[in-house]
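J.: The lines below spell out each chain.
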Amino acid sequence: MIRILEFTGRPVILIIEEFGKVLLLFLSAVSWAIRPPFRFSVLFKQMEFVGVHSLTVVAITGIFTGMVLALQTYYGFRLFGGESLVGATVALSMTRELGPVITSLMVTGRAGSAMAAELGTMRVTEQIDALYSMSVNPIQFLVVPRIIAGIIMLPVLTVISDFIGVAGGYFVGVKLLKINSGIFMARIIEFVEFQDIFNGLVKSACFGLILALVGCYKGFFTTGGAEGVGKATTQAVVISSVAILISDYFLTAVMF
Amino acid sequence: MIKLEQICKSFNGQTVLDHLDLKIQPEKITVIIGESGGGKSVLIKHIIALIKPDSGRIIVDGTDITKLNDKRLNEFRKNFGMLFQEAALFDSMTVGENVAFPLIEHTRLSPKKIEDTVREKLLQVGLKNVMQKMPSELSGGMRKRVGLARALALDPKIILFDEPTTGLDPIMCDAIDRLIVETQERTRSTCVVISHDIESTFKIAHQVAMLYKGRIIAMGTPDDIKKSDNPKVKQFIEGKAGAPG
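Each protein sequence line maps, in turn, to chains A and B. Residue numbers are given in numbering that gives the first Met the number 0: position 211 of the first sequence equals residue 210, and the series is strictly consecutive. Residue numbers are given in numbering that gives the first Met the number 0: position 236 of the second sequence equals residue 235, and the series is strictly consecutive.
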């Protein structure tokens with residue numbers, strides 16, 4: 000019995016320990032975020048990296064998600080004559096769920112992994128120590144701008160993904176499957192409320208925080224040279240993705 | 000004066016520094032020699048408080064830096080410049096931006112004045128027309144020179160060198176050695192150099208300390224060290240493998 004408890008308890012303790020360290024990094028980042036100097040140029044550079052450079056991948060995934068959603072719902076709804084609801088279904092799915100989640104997963108793969116790799120490389124090549132030696136706090140210089148960029152840019156990207164996704168759905172529904180354009184749009188206006196869009200954006204801001212925090216945490220505390228950087232990068236993507244999906248459930252349960 | 004008193008440090012149960020005592024004279028070049036993996040880098044990182052000791056005191060100009068909070072430590076570190084083993088230049092910045100970094104962070108100089116200072120610091124380390132280059136475009140020796148220019152940017156009182164000649168060819172080693180001596184003579188700074196290069200050590204040092212099994216086992220002028228009876232010191236300076244005779 001004790002062996003079973005030991006066997007199951009050890010990973011639980013490790014997870015709690017890891018979670019505690021992430022939380023400590025977050026609290027430290029918050030305390031450094033409100034202290035001068037405020038390095039806006041570093042922040043804008045990160046916003047460009049997280050936001051602008053992710054536009055293409057977010058647009059492509061957004062449009063195809065909207066398109067496939069329209070296709071699937073059309074085939075399902077046609078069975079009971081509900082084709083007119085395709086537009087509303089696509090819009091609700093995109094704004095509430097798929098826009099924030101797919102965008103966050105894409106940005107995790109692109110920017111979260113890059114954060115872990117960049118900070119990890121800086122750690123193993125002593126660049127983080129160099130910052131300390133030059134009286135610059137690396138959490139303030141490296142972690143804070145990345146977290147703020149994640150929180151600000153994910154909602155922006157999500158809005159774009161939502162819009163492009165609905166446009167993709169419109170294209171498939173109206174142009175390919177010949178649903179009446181007026182009905183398609185009318186149903187969207189009828190069913191989608193501002194709260195749906197807003198809650199989706201709140202979710203995406205939370206996901207932005209998660210992916211940036213996990214990416215920075217894994218990179219900042221990398222050990223073990225090039226192999227360690229590789230591991231940190233992989234772990235950052237896996238942990239962020241899982242954390243986004245788990246938190247998505249709880250955020251949805253609370254918000255909708 | 001830098002004084003390390005009874006410094007102990009372990010990692011995962013393995014003792015690296017064991018009640019280490021060391022006094023570093025001001026305005027001199029002190030070289031700390033010892034085997035690879037013997038804790039020399041750990042020791043130098045204690046001096047600039049990048050690593051905190053498990054116990055013991057590190058006193059720099061009368062201040063025990065182990066007792067300082069983060070804010071005061073940040074202020075205190077402005078007295079230091081450090082050249083890291085692989086230079087630790089920021090990959091994402093040009094050479095000019097690397098050297099300008101401490102000036103931008105800690106001074107209110109105009110961009111023009113910063114550019115002039117960067118150019119001057121690069122000239123001091125023998126580099127011209129490299130400001131726009133990325134660190135990845137530089138050779139090992141050039142990277143170290145840029146690292147030194149960055150370390151000198153704020154005219155620090157104490158300069159730490161972590162194995163400055165490791166991985167360089169003999170000519171470049173000699174160039175870096177000359178640079179260390181010239182820099183110390185020009186700035187009258189306190190220099191602490193970590194090295195396992197005996198030839199280089201005797202060329203530049205005013206004072207040599209040997210680290211062995213977490214303690215300083217010999218300390219003195221290069222001549223004192225050359226004449227040392229300590230078998231471990233003799234073995235090290237003669238570069239002989241196996242147990243000391």
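Heads up, a few of these hints could be off.
For the chain A half of the interface with chain B, some residues (derived, Cβ under 8 Å), not all of them [as the list claims (entries may be wrong)]:
| # | residue |
| --- | --- |
| 1 | D128 |
| 2 | A129 |
| 3 | S134 |
| 4 | I138 |
Everything labelled a hint here was simulated from the structure, so no lab data went into it. Yeah, the Cβ is synthetic: ideal placement off N, Cα and C, and Gly gets one too.
J.: All hints are to be evaluated individually against the structure, with a verdict given for each.
T.: Here's how the hints hold up against the structure:
Given hint, A/D128 at the interface with chain B, holds; its Cβ is 5 Å from that chain's nearest Cβ, closer than 8 Å. Proximity of A/A129 to chain B holds as hinted, the smallest CB-CB distance being about 4 Å (cut-off 8 Å). About 4 Å separates the beta-carbon of A/S134 from the nearest beta-carbon of chain B, less than 8 Å, and the hint is met. Nearest Cβ of chain B to the Cβ of A/I138: about 10 Å, over the 8 Å cut. The hint is violated.
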